[in-house]
Amino acid sequence: MGPKKKQIYNDFFFFMQDQKAILREEGRTWKDMPELVAICGPKWQLVSDAERARYKNLAKAAKQKKTVQLGEIFDSTGRSLVSIEKEKQTALEKRNDMLHYIGNLVKNSVRNGTLGQETLFFIHMNMICEIDDVRFLPGEVALCEFSIENGVTRIFETFIKPWNIPLGYGYNIRKVAETTHRIHMDSTPMCHPLASDYDRLFKGLLDFLCQNEDFDHLPPIYTLSDQVPKVEAALLEWQEQTTIRKRINWSIYSVDELYFSLSEALPSPRAKLYHATLAKDRLEHDCYMFSQEMACPYHVEVDCNHHCSQFNVQKWAFIIAEHCCDFLKYKPIPGAHKPLDCAQGYDIIKYSRPDLYPLLRNEEASYDPIQNEQSDGRPANSKITRSTPSGVHYLPNEFEKLNVKTTFSTHGNEEPSIKDEDCETDVSSILSGEFPVLNASRGSSSTRGNGYSSRGTRGWAGITSSSSVVPNPPSCDNEDQFPTLGGTRRVLGGQRGRGFGGRGRRGRY
Amino acid sequence: MTWSFLNRNKKMSDPAKRNMGRGALLLERIKRAQQEKENSSGPSRIANPAPDRIPAGFITPQKENKEKLQRKLRDLRSIMGIEPSARAEYLRESKPIQTVTAPSQSDLVPIFDSSDSAVSSGSLTESTSSSRSPTQIPSHELDPTSDFKSGTDTSTNTNNSPVRFVTENQLAALPNCYEGTNHSASKSSVGSSSHTSNPPTQNRGDAGTKVRLEVNYLNLKVVDGKGFFEYEVQFDPEVDSRQHRFALLRQLTDHIGRAKNFDGGFYLCLPKRLEHKISVFHPVLPESNDPVQVTLVFKKAVDYTHSRALFWYNVLFKRVFHALKMVQMNQRSFNPRNPTELRDLKLEIWPGYATAVDEYDGGLKLVCDTVHRVLRTDTVHDLIKEIHFRNMKSRPNFCHAVKQAIMGQVVLTRYNNRTYRIDDVDFYASPESEFETSRGKTTYLEYYKRQYGIDIADTKQALLISKPKKTDEWNKDMVICLVPELCHLTGLDENLRKDHRAMRTVVNIIGSTPAKRHKALQMFVSSVKSSAEASQILSDWGLELADAALSVDGRCMKGVGLLFGNSSVRKGICGDFDRALQGEQMMSGAKLKNWLIIGDRRDTREIEGFISTWHKQCDKLGMTIYDPRTILLNQDRTDEVVKVIHREHQNHPLEMVLVVARTKRADRYGAVKKTCLVELGIPSQFVLTKSISNGRNQIQVVQKLAIQVNAKLGGANWGISSPFSNAMVIGIDVYHNADGGKSWSGFVASLNRTFTCWFSDSRQHQYENEIMNNISDIFGRALKAYYELNNQYPDKIVVYRDGVGDSRFEVTETLEIEQMRSTLKRIAPEKKVQITFVIVSKRIKTRMFLIQGDTHDNPPPGTVLDHTVTRRQQFNFYLVSQKVTQGTVSPTHYTVLLDELELGPDRVQRLTYMLTYLYYNFTGPVRVPAPCLYAHKVANLCGEFLKKQVHTSQKTNLFYL
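In order, the protein sequences belong to chains Z and G. Be aware that the first sequence starts at 207, since it is given in my numbering, and climbs by one per residue. Be aware that the second sequence starts at -4, since it is given in my numbering, and climbs by one per residue.
One chain only, chain Z, in its complex shape (with noise of 0.2 Å):
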């Protein structure tokens, strides 16, 4: 059966139903519709044109009527068709605008040259509760700075204590806390005043995204593509809570769609990703799942690392460094483009996955997976000798040219920061001006090697000494390698992070 013809509601339609009246009195008769037409259609020459308006406004009635009616119609939970497709069609232009965006981003700066220092920002949101797939409300947030060139250059990082949970999730809550990110609604982060302090932390994440006071130009903000829409909602929410009432336009991209393009873009075929899907494979490997420097110190103390939104937004930036640094012939620098724990070399995923990703490698320009496990029964990897790349490699005083990272926290309790004599001056003249109740926290006499020894005196509310935490501390020996690292990694207070900004772009050498 073919569609069902349309009808016309037409001004000679409406004369035609008067016609029939007529006609019928006429004792005059018709088949069907054509033959209709064929005794009307005489008639309709002769009518006014007074009369023709007349008919005209019918139809023009008819035609409103039937668009309104459409938009009466309703799916089986309520909501009009026209509002469906409309959300459709803004689905369908965001991601459009994104590619765009994207393509347009990578585009440019391949040819002006300076792929390598674009500035992109990282979110990631550990969601407490998700409530009907509307309202998401997040539990903890991280941002990330990240080029190429120089990896990660800032972090901003905070709890926030989601607001108006409604009756009848807590099951729900407990159940991903415990699966997932160990973020229980009674743990200390989130008893922490600041948590429910909506206005300044949300402030503090604006300022972290941009310098100036109005919010216009946000940059656009990435985090993975199935995360896109809750990143979104719970912004949105988010904001309702506090004071700012300005229309603050996010753009919210798919960290996939990123780094599938940058893959694209780098200058060898070897790098290719060919789909994002793949992309996002690699992003959600969990293979830095050792290191105790990516997390915040709340997820270290509770053995949770790659759950932690912190620790998720740098391995984002960790595996698209590895991937890109390479093919763009930059020095990867431990903390920046990859964990400061990653005892040697930074390909992870390279050695590890030969399978998965074949192209990246450098010993071998094709890889058959069958016929490498085949060839003696063992892992292939094990036979991998990894080399580094020619050129590429780093020595223990780039350490020293580190960024400085800084981190707004909900971490601490009122004296947060835990400082090192011998930190970078120019950072702890900034912070003091900045953060003038931080440098209460000076004389502390704790130094941070690792994430052990600060975690013990830098303390939660609640759980005060550190012997109760790491029943055996390890001993410090650890700081001659990374000796400027103590103190400095960190900023911990509720802080805006105004004046920071400029930093990322500090030179390396």
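Calculated directly from the structure, the hints in this document are not laboratory data. There are no misleading hints in this set.
Listing some non-contacts, in silico: residues in chain Z with all C-beta distances to chain G over 12 Å:
#1 Ala227
#2 Pro248
#3 Glu293
#4 Asp405
#5 Arg453
DSSO-like cross-link-like pairs, simulated, lysine-lysine; straight-line CA separation at most 30 Å:
#6 Z:Lys294 - G:Lys737
#7 G:Lys205 - G:Lys840
#8 Z:Lys478 - G:Lys943
The structure displayed is predicted, hence computed values, not measured ones. All C-beta atoms in this analysis are idealised placements derived from N, C-alpha and C, irrespective of residue type, glycine included.
Given chain Z's structure and the hints, the job is docking chain G onto it.
Structure of chain G alone, referenced to chain Z:
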């Protein structure tokens, strides 16, 4: 022309060949008839075994139905987007109507006589020389040294020489009934002369020794003169109210009888036929007394095997249970009146039954299994009181503790026998709070008083909140408030589970022995018969329940021969072979040079002790193990473990990681598995300190561990000698996440002849569904892996598919088999690969008990039952492969959807049984064939922990053991 038709050709020729002496002419005729049929029928159709095995006289309606069905299925494939359950509904409706009346049990031809069983348990030579089977087993199918010797060829196990009786007429009709799979091709045609009493014996095997079994089935007989008669109801003038329609029909009781099945619309069904085809009555409307003309128009008499009738009979039994004053829960009926009370454990155990009426080979039957429900006698209120007692001082602590203890619990409200999951606790509400009803505001106190006649004692208690499940879209924001006092806790709590003594008491009651089950079944029959109301319900519809459970003849297959190292063969293994294992080496021991033990520093002594035992045991099993690198951690942290693995692997590539853990921690397990299997591609093994510390059974534990590790490293533990050359056995299972989310499918394929090397893989599904859409990819990889090892693609493929419900057989068949075929066509286009597809169902109500004298016992491993209680018109059987020491063994049901290999019942049963011995985590037979269990394990591991595909290098190892 596709190969399925060629195959059919071959099948047909087999019985004919056997009767070559009787004339090649006949063979020619059969062939010609087939070819004509093929030419006319066009492209290959999906073989549908269901309607195949019916007598030739009934071909036409069946065929139409079948075509309809196939058309529907084709449509279905195009609309695969629809919801699975809807799809199932759709298919259920499209079941062909069966026109054959089922024979009663007495009509069955006895397959066994004593001489037969003696023969079949003997060797190949004996069975082939037996008088009734003059032909040899096709030699290309069987390895002469295999265990299959004991099975005789399928087609020879009927006492008739089939083709002899085929008349000209029947011959012409013959091809019609052999679409797709049918072994004893000629059997149906024999039956066609007396189709009404044709016993469906095609799929009975006869290997093994005869055993007497009792099954938990009760025969149901439909009395002559009663049946299932459908009428259309017309009202004049129209009556819209359902209530009124029912009321009107109620007034007709004198004319049409008390028993009726009226749906409130136009459909009425009566157990007896009315006198006239159209009957007109004049009842009056209840309130206005207006007369209404009700016309009943007879539509048709439905056979009791029809799905509508079966559905109705199941409803009837629900009513029977209601009449017996039993309580319905989850489609089971429990007797609340004489519970077993365990006062000190605060438990109550209700006995109950799970029943279903269905049509089987032996006619209409009721399957009735004993079930139990453990209920706790303490309420949530008691629990809260206890918590309050412990947290007298601070209210926040108390609230927190209550939430911690209660949230997530499933509670049962006895006033309506429903269960709820507690999602939250509302401390600001109490039973005195008001809520909106359709009749205005009311308090919980009043509501419960009015609705259920319950007085709530504590008026100040907090209320429990339960969020309705997502399916209730209309009430998204609604929550259910429950009163703690009325909520009984369910499930056994942690403390009780740890209490071995208490658990034993509970298990003793729940896990009833065969004898207890037998008694319970008899109790059920006697209670139905003694209750006037219950028997009235049945007799109204002409149903007669048998007095006692059915007893049937099953068979017990002989033991299995296993191959061990140094080409040692242990024959006749039946049940656990722990003892046989002593002194045997593994078939091929793995070599382990670079490996790592990670443990806690506090466990230093245990680990040292373990390593020495480990070396000894591995030596015994024929593995070559070098000294491990042992790393003892100071901190009990996941990231430390992962870091060490990464570091050591970079220093020197590892072959295996063994983690000695103090406690079971899912997150650490997941993290290590992810690192090892996904990132690095090395096998890993977890072991608890507790189990390797010097204890009574340390040696056994270490031995089991060594066997497991050997398999993970790609070594072979033990094998069976394959009955075929160049065949692949595949196991498929699907993992569903407990809280929704995407499903994962596991796929395991054998790569060698001794079934020691398996290709395993897992894929994420697009949605949460059972049927695999992505079989093609995995299957292709498996085929390639097979090719790598054997330099050829397999000729034969046997698939064991687990986890498919009864209603989904057709979908599985059309989707999964088709995918496999197209993959084969793509990868090995020149090969004619035959597929046998077997569906494995574990969750069945069927139980069988071995009758020895007066006692009822569990049947031994290898017991098989393939008649009487098997599904009609399907090639299916029950097999008990595992051995249980307590409780009742539950058989596994196998349905052969497609048998292109022409294995026939005996060989499918034998192969299935042999495969149950190959699970390397257990030295004995398991419930399902090993590939199925492997598939289950791999899907579980990937779906629950890895959430990614594993490293390619691990796919040919059993990394998930």
